[in-house]
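Whole structure, please, built from the sequences with the hints as guidance.
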Amino acid sequence: MSEPKKEKACLFCNRDEHQTPLINLHYQGGKLWICPQHMPVLIHDPAQLIGRLKGAENLRPADHHD
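Throughout, my numbering is defined as the position within the sequence shown, counted from one, plus 8.
Derived by calculation from the structure, the hints in this document are not laboratory data.
Treat the numbers as computed from the prediction; the structure is a model and nothing was measured.
Glycine included, C-beta positions come from ideal geometry on N, C-alpha and C.
Misleading hints may appear alongside valid ones.
[What the hints assert, rightly or not] Below, in silico cross-link-like pairs of lysine-lysine (DSS-like), each with a Cα-Cα straight-line distance of 27 Å or less:
no. : residue 1 : residue 2
1   : K39       : K16
2   : K62       : K16
3   : K62       : K39
[As the list claims (entries may be wrong)] Label pairs and their calculated CB-CB ranges:
no. : residue 1 : residue 2 : range
4   : H73       : Q27       : 30 to 36 Å
5   : P29       : L67       : 32 to 38 Å
6   : K62       : Q27       : 34 to 40 Å
Okay, structure coming up:
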């Protein structure tokens, strides 16, 4: 699975606030962090977060209306 999380670290790559900017998320009563590089994963392919984010298997990718 994934390494132990630092207090403020990207839920995907585990980089902390000293290595990359972080965006705060509130989910299931908790606070999470994700870096701008991995925000598209959350939006377009949340299945990649299975094992890193509880309930990720229930998240749907964004619908595209291009």
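Against the structure, the hints:
1. K39 with K16: holds (9 Å)
2. K62 with K16: holds (17 Å)
3. K62 with K39: Holds, at roughly 12 Å.
4. H73 with Q27: 30 to 36 Å: Since H73 and Q27 have Cβ atoms about 35 Å apart, the given range 30 to 36 Å holds.
5. P29 with L67: 32 to 38 Å: violated (23 Å)
6. K62 with Q27: 34 to 40 Å: Violated - the Cβ-Cβ distance for K62 and Q27, about 24 Å, lies outside 34 to 40 Å.
When the structure is compared with the earlier hints, violations turn up for hints 5, 6 and for no others.
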